[in-house]
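Student: Chains as they are written, first to last, in the numbering used here: chain A, 35 to 142; chain B, 513 to 627.
Worth flagging that the hints you see were computed from the coordinates, not collected in a lab.
Any given hint might turn out to be false.
To be verified - Cβ-to-Cβ under 7 angstroms is the rule here; a few derived chain A residues that face chain B:
| # | residue |
| --- | --- |
| 1 | ALA73 |
| 2 | ALA76 |
| 3 | TYR104 |
| 4 | TYR106 |
| 5 | SER128 |
| 6 | THR129 |
| 7 | LYS134 |
Stated by the list, open to error - If you only want the chain B side, here are some residues facing chain A, beta carbon under 10 angstroms, derived:
| # | residue |
| --- | --- |
| 8 | GLY528 |
| 9 | THR532 |
| 10 | TYR547 |
| 11 | ARG556 |
| 12 | VAL564 |
| 13 | GLU565 |
| 14 | ASP568 |
| 15 | PHE609 |
| 16 | PHE618 |
Computed from a prediction, not measured in an experiment: that's the story for all the values here.
We put the CB at the ideal spot given by N, CA and C, even for glycine.
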Amino acid sequence: GQNIDQPTEMTATEGAIVQINCTYQTSGFNGLFWYQQHAGEAPTFLSYNVLDGLEEKGRFSSFLSRSKGYSYLLLKELQMKDSASYLCASSGYSTLTFGKGTMLLVSP
Amino acid sequence: EAQVTQNPRYLITVTGKKLTVTCSQNMNHEYMSWYRQDPGLGLRQIYYSMNVEVTDKGDVPEGYKVSRKEKRNFPLILESPSPNQTSLYFCASSLSFRAGAYEQYFGPGTRLTVT
């Protein structure tokens, strides 16, 4: 499988902006997913990037650079409910490889 | 309601006692997959299925079996569970996996403890 790196933990304040970075190996790469997972729950889909550039969806945006093997998830106007783990996942020919997740803690 | 269901949600069992975790989806999805999630290791793929009767190993298949006799069902079988299979298991499905373009929908998870 592919090697995916993302920070283990991040903290931010309510109302702020936070950027979660993800790097991956580019061989056999098709696209990059971001999922959100609250404690004890299943992951839920946030975004998918296949082309270079920024995809915006409400408060969440995701960026991809295929040549650099780099992506980030940008969360704006942070809310307490955004406290969760954010999973970066690289899509290959037939499988999805997940990073270990970034635990984001939003404080008042 | 479109969903992926798993049963049981919680299971405590003993070493060597065969068990099956069921997974079913009602979205007519072609692709189904099993993952295990462990602290510090993240989600790791066990097996996946591109369509009926087509299954393949993921990153951590040892000690597991699967079958895909019908499109909607993808059970995970542990023939002889061991304590190192204690984990949180997720089943997931997606419309297809051509070019990996489709989001995966996850079941609620099965927390398995093997003593």
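Student: Tell me if the interface restraint on A/SER128 is satisfied: Cβ within less than 7 angstroms of some Cβ in chain B.
Tutor: holds, 6 angstroms
Student: Hint check: is the beta carbon of A/TYR104 less than 7 angstroms from a beta carbon of chain B?
Tutor: violated, 18 angstroms
Student: Classify the hint on B/ARG556 as holds or violated, based on whether any CB of chain A lies nearer than 10 angstroms to its CB.
Tutor: holds, 7 angstroms
Student: So, B/VAL564 near chain A? Judge it on the closest CB pair being under 10 angstroms.
Tutor: Since chain A brings no Cβ nearer than about 15 angstroms to B/VAL564, farther than 10 angstroms, the hint is violated.
Student: Does the nearest C-beta of chain B fall within a distance shorter than 7 angstroms of the C-beta of A/ALA76?
Tutor: holds, 4 angstroms
Student: Taking the closest Cβ pair, is B/PHE609 under 10 angstroms from chain A?
Tutor: holds, 6 angstroms
Student: Per the CB criterion, is B/GLU565 less than 10 angstroms away from chain A?
Tutor: violated, 15 angstroms
Student: Hint validation: B/ASP568 versus chain A, beta carbon distance must be below 10 angstroms. Holds or violated?
Tutor: holds, 7 angstroms
Student: Is the interface hint for A/TYR106 satisfied, with its Cβ closer than 7 angstroms to some Cβ of chain B?
Tutor: Not OK, violated: A/TYR106 not within 7 angstroms of chain B, min 18 angstroms.
Student: Would the stated hint for A/LYS134 survive a check requiring a Cβ distance to chain B of less than 7 angstroms?
Tutor: holds, 4 angstroms
Student: Identify whether the interface hint at A/THR129 stands, where standing means a beta carbon of chain B within less than 7 angstroms of its own.
Tutor: holds, 6 angstroms
Student: Using 10 angstroms as the Cβ threshold, decide whether B/THR532 counts as touching chain A.
Tutor: violated, 20 angstroms
Comparing the model with each earlier hint shows violations of hints 1, 3, 4, 8, 9, 12 and 13; every other hint is respected.
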